[in-house]
Amino acid sequence: MHKRLWLIHLVVRALAHRRGRTLLLLAVLAMASSLATALGVVSLSMKKRVAEEVRKYGANLVVIPETAKMNVGSGGLNFGEISEPVYLEQRKVEEALAGSGLKADYSFHLQGALRFRKGDLMVEGVDFAQVRRLFPWWQIKGAWPAAGETVVGSDLAARYGLKTGDTMELAGPAQTVHLRISGTVATGGEEDNLLFLALPELQRTLGLDGRISVARLLVSAEGGSLTKKAAALQPHLPGAKVSEVRQIARTSEGLLAKVKLLMVLVTAVVLISAGSSVTGTMSTTVLERSKEIGLMKAMGGTRWEVLLIFSAEAALLGVLGGVVGYLLGSAIAQFITKTVFAASSEIIPWFVGVSVGVSLFLALLGSLGPMISLFKLDPVRSLRGE
Amino acid sequence: MAANIVETGGLTRSYGDICALKPLDLRVPEGEWLSVMGHSGSGKSTLLNLLGGLDRPSGGSLRIGGEDLLLLSEDGLARFRREFVGIIFQQHHLVPYLTAVENVMLAQYFHSVPDEAEARSALERVGLGHRLNNRPGELSGGEQQRVCIARAIINSPKLLLGDEPTGNLDHQSTMMVMELLKELRAEDNFTVVMVTHNQEVATWGDRTIYLDDGVLVREERTES
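Protein chains in written order, with our numbering: chain A, 5 to 390; chain B, 39 to 262.
It should be emphasised that the hints constitute simulated quantities derived from the structure, not laboratory data. Where a beta carbon is used, it is the ideal one built from N, C-alpha and C, also for glycine. Check each hint, because a few of them may be wrong.
[As the list claims (entries may be wrong)] Only pairs whose alpha carbons sit at most 35 Å apart, straight line, appear in this in silico DSBU-like list of lysine-lysine: (1) Lys380(A) / Lys295(A); (2) Lys7(A) / Lys220(B); (3) Lys196(B) / Lys380(A); (4) Lys264(A) / Lys342(A); (5) Lys51(A) / Lys167(A); (6) Lys122(A) / Lys196(B); (7) Lys167(A) / Lys220(B); (8) Lys264(A) / Lys220(B); (9) Lys122(A) / Lys107(A); (10) Lys196(B) / Lys7(A); (11) Lys7(A) / Lys107(A); (12) Lys342(A) / Lys145(A); (13) Lys196(B) / Lys220(B); (14) Lys107(A) / Lys96(A); (15) Lys196(B) / Lys295(A); (16) Lys107(A) / Lys295(A); (17) Lys60(B) / Lys196(B); (18) Lys7(A) / Lys380(A); (19) Lys96(A) / Lys295(A); (20) Lys232(A) / Lys262(A).
[Unchecked claim] From the structure, some residues in chain A lie toward chain B, with a derived Cβ separation under 10 Å: (21) Leu14; (22) His21; (23) Asp124; (24) Glu128; (25) Lys301; (26) Gly361; (27) Phe365; (28) Met375; (29) Ser377; (30) Leu387.
[Claimed, not checked] Restraint ranges, calculated between C-beta atoms of paired labels, are given here: (31) Asp55(B) / Glu390(A): 17 to 23 Å; (32) Ser99(B) / Leu312(A): 29 to 35 Å; (33) Val263(A) / Pro134(B): 49 to 55 Å; (34) Ser178(B) / Ala272(A): 33 to 39 Å; (35) Asn227(B) / Phe365(A): 37 to 43 Å; (36) Asp55(B) / Ala272(A): 47 to 53 Å; (37) Gln237(B) / Asp382(A): 28 to 34 Å; (38) Phe365(A) / Ser99(B): 44 to 50 Å; (39) Asp113(B) / Val327(A): 42 to 48 Å; (40) Asp382(A) / Lys220(B): 50 to 56 Å.
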């Protein structure tokens with residue numbers, strides 16, 4: 005028989021012989037690794053959940069042009085400051101985002117006024133695909149607009165008596181456009197009083213090709229605070245101001261960090277307790293088996309060879325405990341996310357590696373002390389039962 | 039004349055203030071069966087442990103098969119034991135969760151590679167062909183001792199050490215074990231050093247030495 009196969013055979017026989025102690029060790033390792041798995045899976049699921057929740061609040065950073073200001077006055081009179089409309093260059097913002105390495109979803113907006121029925125109408129040019137991603141609460145009655153179409157805020161539509169299917173003529177400084185209303189939008193916010201059309205269309209109509217008034221960014225709450233992310237982006241955008249717009253994202257970051265810390269602490273306490281338990285049980289096992297160890301040494305087993313047998317036992321227990329812990333931990337994570345977040349957690353297959361790693365580490369670390377005493381054991385004294 | 043397999047010169051072993059073995063000069067020729075007799079605490083087992091490389095002497099010289107045991111490291115001694123020595127214990131010391139054949143294979147595992155066919159054959163040689171898959175708890179004292187003998191001879195040792203191997207056996211089993219050892223020695227031609235309390239058992243050897251308080255006090259040849 006191959007030596008390695010015989011070693012496995014020997015280890016399995018030894019573990020099966022001490023069924024009670026083996027089950028106890030397995031239970032301890034499985035419990036510890038299951039908790040680590042559960043907390044890890046819940047933590048990952050929660051991170052996603054928080055990110056989703058934050059997403060519901062829309063953009064959390066906004067880029068606006070720094071307003072050019074000038075004093076207006078004559079002689080000794082000063083009428084104060086006035087500001088001219090200033091725009092951002094869409095291309096430069098895109099380049100800044102790429103250059104900063106910031107992972108963010110974004111939407112570009114151009115605001116302006118167009119003539120409609122002898123009056124001025126506040127309009128906004130947007131990319132509707134971006135809007136659908138960043139502002140999921142937009143409720144469209146009708147359909148999202150296609151080329152040559154527009155959506156009208158619900159209050160605006162009521163004021164002008166506009167309805168889906170109507171065609172509007174809108175005149176700008178550069179051109180006049182005819183747009184069909186594909187639907188009305190209701191958000192409960194300022195959007196209800198605006199008219200939305202495709203960004204390039206408005207840029208052409210206003211004669212502001214490649215210009216935008218504002219860029220709204222949705223930056224993930226993970227990996228560093230929003231303030232830091234805003235500060236990191238700012239140098240790439242001279243002449244613009246990057247600001248945080250949502251307190252909620254900052255709160256989520258703080259909450260996430262605290263929950264993570266709590267989980268790390270709980271896991272550490274559990275792992276230390278489990279490690280002590282493994283040490284205690286392994287010490288008893290080594291003590292009980294001192295004659296067997298003495299015999300192995302008397303038969304010519306070197307200290308390392310005997311150590312290998314006992315390490316293999318600990319390793320096998322570690323692997324088994326890790327696999328059981330993964331299954332148990334996934335079930336616990338499912339229970340926690342269901343009861344606490346009212347959502348189901350993901351099954352994360354690669355976490356079996358983490359669970360086995362934790363269990364293996366515990367089994368080997370917990371066995372370290374007993375292994376050292378095994379290493380030093382004198383065969384004559386142990387065979388005499390001393 | 040056969041070369042000496044065991045050579046000691048002024049060999050001593052002390053445990054703190056207690057001197058378990060006082061300077062001993064001993065030579066055992068290859069193929070000899072040496073019986074070691076003495077009361078409890080006379081130094082018999084101490085001598086055996088030193089000859090088997092299980093313990094280190096406090097002084098003197100110790101050469102087994104030309105190897106100076108004092109120069110060997112801890113792991114060097116372990117390698118010496120598996121290559122050179124077979125040991126039979128009074129308490130058998132079989133691994134309780136392994137079958138008879140697996141207990142023999144354990145010695146092969148430490149020596150080289152476990153070979154079940156060879157292990158079976160060794161057990162058949164000691165008359166246990168029908169008990170191969172029984173665990174120690176299912177065997178009688180005599181049978182356990184025969185498993186112990188099979189385990190001791192499986193790696194073809196040059197030196198077989200017996201630490202009162204019949205001490206726990208009844209007369210009939212004792213005679214059976216001694217007869218078996220005699221046959222095996224005749225076939226394999228190994229050297230035997232056997233510690234015993236039993237005068238009758240001692241007479242199976244070619245020569246008997248008597249230890250008293252760690253000192254070799256008498257030596258006699260067995261008349262054939």
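Quick check: which numbered hints come out false for this structure?
The structure breaks hints 5, 6, 7, 8, 9, 11, 16, 19, 23, 24, 26, 27, 28, 29, 34, 35, 39 and 40; every other hint is satisfied.
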